[in-house]
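Bring the two chains, given one by one in their own frames, into a single complex with the hints.
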Amino acid sequence: MADPTIPILDMRAVSKTYVAGGRRTEALREANLTVSRGEFVCLLGASGCGKSTLLRVAAGFEAPTSGEALMWGKPIAGPGPSRGMVFQDYGLFPWLTVRDNIGFGPKARGRPAAEVRDTAERYIALVGLQSFAEAYPHQLSGGMKQRVAIARVLANEAEVVLMDEPFGALDAMTRERLQDELLDLWSRTGLTILFVTHAIEEAIFLADRIVMMSPGPGRIETIHPVELVRRRDVSSPAFNDLRRMLAAQLHSHHAPRAAA
Amino acid sequence: MSTGIEAGALPAAAPASAPRRGGLRFAGLRRLALACVVPALLLALWQVTTAGRPYSLIPPPADVWAELQDLAFGGINDDAFSGTLWTHLAASLSRVYGGFALAAAAALPLGLLIGRVPLIRALLDPVLQVLRPVPVTAWLPLAMILFGLGPRSAFFLVFLGAFYPILVNTVFGVRSVEPRLFEAAAMLGCTGPAQFVRVVLPAALPSIFTGLRLGLGFAWVVIVVGEMTGVQTGLGAIIMEARQLSRTEIVICGMAVIGVAGFVSDWLVMQLGRRLLAWSPTHG
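Heads up: the protein sequence lines correspond to chains A and B, in order.
Under our numbering, think of the first position of the first sequence as 12, with each following residue one higher.
Under our numbering, think of the first position of the second sequence as 3, with each following residue one higher.
Next up, chain B with everything else stripped away, as it sits in the complex (with noise of 0.2 Å):
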């Protein structure tokens, strides 16, 4: 039956991209040294404006290099700060990903029923509206009365930045699912709640993972306000502390851990998005 015209939709894009191959290589290379073109010259700028003056207040790129040496292994300049760049990471990556997991299983449930039931969405839309503009920075205060000086603060900053984004992107998802899915899903025999898991929560999925995405995001950026007081181990305690030492070096240490840490994560998330939305024309 499927002969002729039609039967040609789907094999006709695997032999394009056989002989592609080559030029796919040259392409990823192209692109790599693309990318590396901006950092080269910036690298380029720092050394020019900082090495060879004592009295800069920015280290050059070598100082920094030492030091991200002797942070992560020691044996360089064996003081306070020697070897620890392991625990604070260690410490800052459980808190990105312990409130992000809390913020993901708190936003997703809430986003689909926000969605979905119009009683809940007029009960619970209005409030958090009303909340999200509040900067997460400004929570702070509040955060360090409710939760005390330390960690658990840092931990529902990271929660409260990563909820916002999962929540809305969830939502919005969720409502602009096509009705005919929920027709042609009730004619199926899936109706009611069933509808969440075999409808609106595939469906809703690529806007789901934009969501995490950004949420993910956001608990990096997060982080560093959240372990600035207060907090003995983390990037953004370690970051405080050297500035207060003025070991500005430590301080760019910190920055470059948290960008290449971030990069990494988003990188995975990516991955696993790219796997489980491989139906869909936009993504996959």
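Bound-form chain A, shown alone (with noise of 0.2 Å):
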């Protein structure tokens, strides 16, 4: 482990400029966010904000163009396994069971085959798929897949989690029962989650900390942090203030693209 005084993630001036077909698109500017151990922040803006660009430069899927992506003080390299992605789209191996899919991680990096078993058979049990454990991704709920997805990069011993929209195409009720299901494996873990998402009330019942961000080009506006005590009550009087003040900054943003 490394020294508790450095934040286990650390942006700095990162600026991101995407070139395709000779166009210029400038995604992230000088975006400077820290990020401490076990902490849960979630990124909120409208699309065109360059809150997937951050979380996708944190993975390490994306070079920043200039700045600085740093994680325990070193400068992340590529993907690798210490931060673990969880996509909106699940990304999960469809010729795999579940069980081969959260075993997918250890096996990889040459963990012995009984190893293997064993941690794939505590996540499966740690988000509840016991009964689905021979199942293939085809036959699975989406609200079933996204907990695979999550024990797969929990299976394979993630210091960082990070999650782009990972609710963003489940129903409702699943919708809510999984954050639940996500912040009590957070309490138990101590994880450290970045999570991006545009719903506002998603964002205010998760993190410890809000980054607003605002588009054209992407860039960090504020930074809230979220007091409220958990589980947080979303017809409170006080989740109901925070979540009006980040509506209207939120509408602030779309506002002059509307009156383009």
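Hints are computed from structural coordinates only; laboratory data are not their basis.
It is possible that some hints are incorrect.
Stretch-level coverage of chain A by chain B, calculated; a stretch enters the list once three of its residues show a Cβ under 8 Å from a Cβ in chain B [said to hold, decoys possible]:
(1) 80-94
(2) 104-111
(3) 115-127
Glycine is no exception: its CB is placed at the ideal position from the N, C-alpha and C atoms.
Okay, here's the thing in structure tokens:
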């Protein structure tokens, strides 16, 4: 374990510009963000605000055009098991059963077969999919697929879990249940979570801090700590005040575009 | 955790299929009956147009059936062809499967590389695209120069016939692997060449299987051409020899045996595919 005074994630003036077909698109401009170990941080913003880009830089899928992305003070050179990613479209391997999807990481990293099996079993139980261990992804519901995706990352000993609108494709009831399950997992494991969403309520319900981002070019606007006690009551006045304030801020991002 | 609404997803399929069992058997019989209608009509047409006409160039079904028994077990005509069927069948089988295996062994790794490595694609793809439209039969003279008259030419042609379908489908399968799966593998610690075995190959398998099926089909098509010249054994050879002797009933027997052998080998590949692709919603 690294020096606890060093943040687990440290984004220093991270900018990302894509060049495609001679056109330059500035996806992210000078984003600064530090995340401490065990924190739950939500990146909130409308589409095009660079929240997914920032997440993909942290994952190591994209290298910053300028600036630095650090984990435990060392530059992030590429994707790796210490930073597990949960995609909105799951990204499960369709040819593997639930058990083998969850065991994929440990197996790929050359762990002994018995250990792979034990690990898979433990995380299958953690997300409550014991009776579906031999099922293939196409036989699962969206919520179950996302549980597998989360278990797969945890089974691989990820320190940071990066989540890209993971519950965006799920129905409302499933989404709420998975939010509860995620908070439960997080409080039991001491994980660090960086969570992208465009849903204000989801961000307030989950996050220690909400990073509000704005588009054109994508940048970090403000960072709001959420002091409400968990499990948060979505109908409480304090929750509503925060929701109203963030909604006003989010809508102000749309205004110029609507006028144009 | 997985109680309630969502947990219903998998078990729901089981009770639905149970009461259908009786209906399933009926459906199977019905399909078999329907499959036999057209062959029965053709057989009847063949019988009506050829039976009882001594000068017909096409022998009636009964003659062909008798010849087939003689080819297989002898004891009816006792000529040079009697009892030789198994020798010819074995010769063709060994060439078809030998050529096919060699084609698969060459086309699979090549397809994986062409699909995944841009440099190799730039190097090989144009050449292969230009060679691809050349019909296998057009290679026959060249094959005879390169490999001599005989079984080695036949082997080469079978190889060539099976090679392209396997290659093209493998490349297609590799190129259509969802990019997300490479990201998922990479963040789980599987990077570089290890992705070939753990991601590319299994993800492309449905497509590869289509290629193998087509390739094996082509191998059976090409075998007759391959055995037409300078080969003593094989179903193609027996057809050509019978043709020169005007033994049309033997020609038809050879055709029938090729049809059945091709059908059985395709069925075997499909069974294998069904086992390996049980995970795929469109196969299995």
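* **Coverage criterion applied to the region 104-111 of chain A (partner chain B; beta-carbon cut 8 Å; 3 residues)** => holds (count 5)
* Counting residues of the region 115-127 of chain A whose CB is closer than 8 Å to a CB in chain B, do you get three or more? -> holds (count 4)
* Coverage of the region 80-94 of chain A by chain B (three or more Cβ within 8 Å) -> holds (count 5)
In summary, this structure violates none of the numbered hints.
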